[in-house]
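Number of protein chains: 2
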Amino acid sequence: MKIAICGVTGAVGKEVLRCIKDLSLQYDTLDCYASANSAGKTIESPLGHFVIRPFSLDACSGYDLIFLCVSGSFSARYAEKLLLNNRYVIDNSSNFRYDDQVPLVIPEINFHTVKNHRLIANPNCTTAILSLPLYPIYQAFGLKRIIVSTYQATSGGGQAAMDELREESLRFLQEDAAGHHHFVHPIPFNLIPAIDTFQPNGYTREEMKVVWETQKIFEDDQIKISATAVRVPTFRAHAESITLETAHPIDMNKVYSLLGTTPGVTLVDDPENHLYPMPITASGNANVEVGRIRKNNVFGENGLDLFICGDQLLKGAALNAVQIAQHLFK
Amino acid sequence: MKIAICGVTGAVGKEVLRCIKDLSLQYDTLDCYASANSAGKTIESPLGHFVIRPFSLDACSGYDLIFLCVSGSFSARYAEKLLLNNRYVIDNSSNFRYDDQVPLVIPEINFHTVKNHRLIANPNCTTAILSLPLYPIYQAFGLKRIIVSTYQATSGGGQAAMDELREESLRFLQEDAAGHHHFVHPIPFNLIPAIDTFQPNGYTREEMKVVWETQKIFEDDQIKISATAVRVPTFRAHAESITLETAHPIDMNKVYSLLGTTPGVTLVDDPENHLYPMPITASGNANVEVGRIRKNNVFGENGLDLFICGDQLLKGAALNAVQIAQHLFK
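First to last, the sequence lines map onto chains H and D.
At position 88 of the first sequence the residue is numbered 88 (this note's numbering), and the sequence of numbers has no breaks.
At position 179 of the second sequence the residue is numbered 179 (this note's numbering), and the sequence of numbers has no breaks.
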């Protein structure tokens with residue numbers, strides 16, 4: 001099998017290399033592409049060293065699988081052209097996610113939607129992390145309403161955003177003033193309740209992605225969803241506070257047994273021993289942590305609250321993409 | 001007028017001194033008390049220097065007003081005894097908040113409940129910050145459900161917690177490892193979704209305070225409230241993501257005009273210009289910032305979402321206490 005990664009120098013591209021190693025995805029050839037700026041440089045990874053190739057449609061040809069870890073505008077320009085001379089393209093950008101003709105895939109939930117498609121969209125990080133633990137609840141009890149407030153790590157903005165958190169936090173602690181370049185406001189010791197552009201309905205695009213993508217992945221556009229997306233000063237794990245109204249009364253024992261046995265989900269719910277999902281424990285881990293599980297005060301027998309945390313670069317991006325590849329070539 | 005502050009060396013006690021100055025609360029005598037450890041030391045404040053007195057019931061006597069900025073157990077032991085030889089006691093702890101015989105007061109909302117009471121409870125920070133912008137919405141449209149996820153600053157844990165965030169963040173950036181002492185887990189670049197002790201219903205006491213106190217302040221125990229309280233690595237402003245279901249259909253123009261004219265509330269809601277509530281703008285300010293106002297996707301014509309941010313030590317504590325005093329002696 002011949003694999004290419006386009007955009008290997010970004011935060012997600014680097015993690016794709018690591019996930020190929022961690023999931024033992026077999027390949028004969030693995031080539032790494034990036035912009036002309038990075039071409040010729042060497043990238044180190046758990047799979048060894050790779051000399052970065054300059055991307056062009058002609059060069060990036062003849063692969064069984066291409067991971068596109070690039071911007072939405074790059075995907076818009078090249079993804080479909082790449083299908084002419086390559087077999088599968090897994091696109092990590094948001095460009096094709098809302099296209100009815102392109103499957104949006106979380107392998108544990110809806111791999112069946114791939115069918116004969118060769119261009120596959122990888123979901124938004126917040127949605128991927130949310131969908132995994134909510135899907136078994138949806139199957140067991142139905143879902144009428146999802147209300148989610150996010151605590152999103154800087155990794156969602158790429159490597160430069162993570163570097164800015166680190167550098168500007170240090171500057172704040174030493175000089176009592178933090179600058180900003182990637183973010184619109186300083187991020188150290190701050191919260192920014194605005195991610196991506198604003199829509200006419202007052203929600204941000206990041207918030208609407210959760211609505212559009214969850215409905216598409218669950219294949220149910222009747223679920224009502226309200227999201228508030230907030231950037232917080234953490235590095236690479238997104239957390240989400242979730243309030244649910246189910247269609248049918250909740251059986252708490254069943255909730256625990258479902259979440260305790262869902263692949264990709266780890267139950268971390270032992271408050272007596274101070275165990276609940278947190279970025280410092282979820283970072284670097286494949287699984288999404290779920291905890292703070294309780295019947296809620298607002299939806300009677302149909303109300304459930306939980307708190308989740310998952311690595312934004314793994315299940316939120318690279319890991320899910322490599323899992324899709326694993327299923328394609330199983 | 002003779003005033004005493006008990007617990008003047010804590011984060012809230014210090015802010016009471018600043019608020020007395022900022023609100024020009026008039027006094028003839030102002031005495032500062034703390035534990036024997038601090039007695040004899042001098043505290044500097046915007047009102048000048050004070051030599052700290054050691055607290056005892058005998059010494060702390062003959063005042064028109066005592067601000068208790070101490071622990072709940074200290075309040076439990078001394079608050080009612082202090083009423084024997086002093087006129088008013090404003091207690092900042094949670095000890096008397098749920099006592100039907102003690103008014104829980106946000107002056108803008110329910111000062112009328114003070115009547116002939118001499119012991120007055122100051123609300124929990126999260127509740128005070130939430131109640132101020134929600135009360136006009138409650139009056140105009142009614143409130144059936146409040147769903148709130150918090151982003152709570154370290155100041156809620158006192159000066160030691162703020163110092164820990166600063167010191168351990170620096171240690172993390174320089175040595176790649178953060179310790180913890182005040183918090184159960186490291187707080188730098190992390191989130192801790194657990195504040196105060198856990199209740200049998202799976203909520204924390206901090207979360208239930210929002211339920212109990214909002215219902216008491218609004219004098220309406222029919223409002224359904226679910227809160228998730230999360231500690232975040234910020235210094236002194238709490239943020240809250242709020243989803244509402246009102247009893248009557250929402251008129252957005254009225255919402256903006258109400259929140260734009262509510263004393264103590266500043267409308268910060270201009271996404272085009274990157275203006276929304278944030279800790280770095282709300283910290284040190286008396287007013288609670290309100291923004292991200294939008295009809296929500298989950299409660300039809302009766303759904304409203306907003307994001308708020310307020311200084312935990314000001315409206316969330318010291319400022320509200322001094323405002324109560326201002327009303328008592330108006």
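If you're looking for bench data, these hints aren't it; they were derived computationally from the structure.
In this text, a Cβ means the ideal position worked out from N, Cα and C, and glycines have one as well.
Hints should not be assumed to be uniformly reliable.
[What the hints assert, rightly or not] Calculated pairs, EDC-like style, for lysine to aspartate or glutamate (alpha carbon to alpha carbon, straight line, at most 16 Å): (1) D:Lys81 x D:Asp64; (2) D:Lys224 x H:Glu301; (3) H:Lys224 x D:Glu301; (4) H:Lys144 x H:Glu44.
[Unchecked claim] Pulled from the structure, derived: some chain D residues nowhere near chain H, Cβ distances all over 10 Å: (5) Arg18; (6) Asn110; (7) Arg166; (8) Gly291; (9) Glu301.
Status of each hint after checking the structure:
no., hint, verdict
1, D:Lys81 x D:Asp64, "holds (15 Å)"
2, D:Lys224 x H:Glu301, "holds (13 Å)"
3, H:Lys224 x D:Glu301, "holds (13 Å)"
4, H:Lys144 x H:Glu44, "violated (47 Å)"
5, Arg18, "holds (19 Å)"
6, Asn110, "holds (22 Å)"
7, Arg166, "violated (7 Å)"
8, Gly291, "violated (7 Å)"
9, Glu301, "holds (13 Å)"
Violated hints, in rising order: 4, 7 and 8; the structure is consistent with all others.
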